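What follows is each chain in one-letter form.
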Amino acid sequence: MSVIERPMLPVDVDSAPYWEAIDAGELRIQQCADCGVYRWPARAMCNRCFGFEHRWPRVGGAGEVVSWIRTHRAFLPHFADDLPYATVAIRLAEQDDLILVGQLAGEAEPVIGARVRAVIRGAGGGRKLVFWEGE
Amino acid sequence: MTGTRRVARGFSGKAAIAGVGFTEFSRNSGVTTLTLALRAIRAALDDAGLPPEKLDGIATHRVNDSASSAMVAQAFGIRDLPYFIDHFGGGGSSHSIVAHAAMAVSAGVANYIVCYRAINARSAFRMGGTGRGFVDSPETQYQAPYGYYTPPQQYAMIARAYMERYGADERHFGAVAVQQRENAMLNDRAMMRKPMSYDDYLASPWIAEPFRLPDCCLETDVGVAVLVCSAERARDLRQRPVLIDGATWGGGATLFSIGEPDLNVSGARHMAPRLYGMAGLSPSDVDVAMLYDCFTFAVLLQLEDYGFCERGEAGDFVLSGATRLSGNLPVNTHGGFLSEGYAHGMNHVVEAVLQLRGQAGARQVSDANIALSTGAPGYVGGVTSALLLRGDA
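Listed in order, the protein sequences are those of chains A and B.
For the first sequence, the numbering used here gives the first residue as 1, with consecutive numbering after it.
For the second sequence, the numbering used here gives the first residue as 1, with consecutive numbering after it.
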């Protein structure tokens, strides 16, 4: 995968700890401090127990490919020289409704059901992103 | 089906659609969204035979891309508007505004409410960011850096999971596109009336695999309006009333939020029992269905969500010809968003009304008396809405 200048959007207040952790090379997901349910994306309140308290634990980084697509149009101009490219949906091992959109670290075609592990890499412009590589 | 089985008849059958109107479907209207709205509203009032002075309610949905109800009220010289709603939202909210209008006239808040959607969705304000800034949504910061941002990508992700799980493939997607094109060829207002074979479908370019170009809806400049009033008032107007027997709201969890681990369950699936319950109807009562077809795959999912076939069976149901004009359940008889044009949902309501009034011309479904018309199923936007309509006796 070529290193391109990716569209890094403004970060909302709730999500700032996620991005700070990524820049520090760690995958952290917001978790309810009362009942332990992970929240994705980061939000003020737990949607199971309705508690507001939370913490940001590191997660194991193990996941499974649940779906993928291959984009052939430059919907975002940043990717015009990178077409076509694959995007994956990854279900984290921690919780069955914790599904993140991302990309594989290599060029291989994604396979639904494949087990993957998070790796954090430079994404251009001094920023980092989580990618996924086969176990 | 899952979901809370609250069978509330509510305002079932108390309100009616008394008129429909639309502008030309084009790629470049050359006019403002206010002009599109006014042309469509005037057409709907003329269709109903209602003098414009009688209009006392205005409902629209928009995503900061269209003329407001206040602008329309000013254009009609209204100084005291008894009812309005400027509903934020896209396809999931399209049928909601008709439901709101039905509820309002049933409650006696207003007498004649026009519901409109007016967009320059090709020439000025394309979905997915072209021509505007990034959508203000907490998900986008996590997705755009990976080049994942637009509706075809979002729905393609769900479609691939469905294909893997149920063995669906391009034959099933292609059949939806080809059948709707056949319908559009019988519809003078449709944008895409050139014949399209399955081979043409296969030869078309990829957009976001597994979607090819004909899997994706058109982008359209258009205004569409429907007039809602009480069933009694509708019977005094020009057209055969179309009664609003079912009108429901639903949704919540999306593909991007926690709360729904199954990629192939939409808000519509949870809502459908409530819709049929309100109308006192079942799927087998439906004569014709306008299913929100932002993408071919959305039609397959809704055939299952709304109970016309079991999960995983929609592809074969379509291939069997059941959804053709000659089949047991004609679907998107106008050509849908794929071939008529994309009015964000309201053109489905118009086609359902024309079918129930027996005014669908060469594509008329014989003895059509009950129609289902649906908004976006809720995968992406989170909310959904739908209507069950009945031709008045």
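Hints in this document: simulated from the structure, not taken from any laboratory.
Bear in mind that the values here come from a model prediction, so they are computed numbers and not experimental data.
Every residue, glycine too, gets a C-beta built ideally from N, C-alpha and C.
Worth double-checking, as some hints may not be accurate.
Unchecked claim - Partial list, computed: chain B residues near chain A (C-beta under 10 Å):
(1) Arg42
(2) Tyr83
(3) Asp86
(4) Glu139
(5) Gly147
(6) Tyr148
(7) Gln153
(8) Ala161
(9) Glu164
(10) Tyr166
(11) Arg233
(12) Phe256
(13) Ser257
(14) Glu260
(15) Pro273
(16) Gly277
The hints, checked one at a time:
Interface restraint check for Arg42 (chain B): the shortest CB-CB distance to chain A comes to about 36 Å, outside 10 Å, so the restraint is violated. Look at Tyr83 (chain B): its Cβ only gets to about 33 Å from chain A, farther than 10 Å, so that hint breaks. For the restraint placing Asp86 (chain B) at the interface with chain A, the shortest Cβ-Cβ distance is roughly 25 Å, beyond the 10 Å limit, so the hint is violated. Taking 10 Å as the C-beta cut-off, the interface hint given for Glu139 (chain B) holds, the closest approach to chain A being about 6 Å.
Of the supplied interface hints, the one on Gly147 (chain B) holds, with its beta-carbon coming within about 4 Å of a beta-carbon of chain A, less than 10 Å. Taking 10 Å as the C-beta cut-off, the interface hint given for Tyr148 (chain B) holds, the closest approach to chain A being about 5 Å. A cut of 10 Å between beta carbons decides the hint on Gln153 (chain B): the least distance to chain A is about 6 Å, and the hint holds. With its C-beta approaching chain A no nearer than about 4 Å, Ala161 (chain B) sits inside the 10 Å limit, and its interface hint holds.
For the restraint placing Glu164 (chain B) at the interface with chain A, the shortest Cβ-Cβ distance is roughly 5 Å, inside the 10 Å limit, so the hint holds. At a threshold of 10 Å, the smallest CB-CB gap from Tyr166 (chain B) to chain A is about 12 Å, leaving the interface hint violated. Contact between Arg233 (chain B) and chain A, as hinted, is not supported at the beta carbon level, the nearest pair being about 43 Å apart and thus beyond 10 Å. Taking 10 Å as the C-beta contact cut-off toward chain A, the hint placing Phe256 (chain B) at the interface holds, the least distance being around 7 Å.
Interface hint status for Ser257 (chain B): upheld, as the beta-carbon distance to the closest one in chain A is roughly 7 Å, under 10 Å. The interface hint given for Glu260 (chain B) holds, since its Cβ lies 6 Å from the closest Cβ of chain A, which is under the 10 Å cut-off. Below 10 Å, beta-carbon pairs count as interface contacts, and Pro273 (chain B) has none with chain A, the closest being about 23 Å; its hint is therefore violated. Restraint check, Gly277 (chain B) versus chain A: the minimum CB separation of about 26 Å is more than 10 Å; hint violated.
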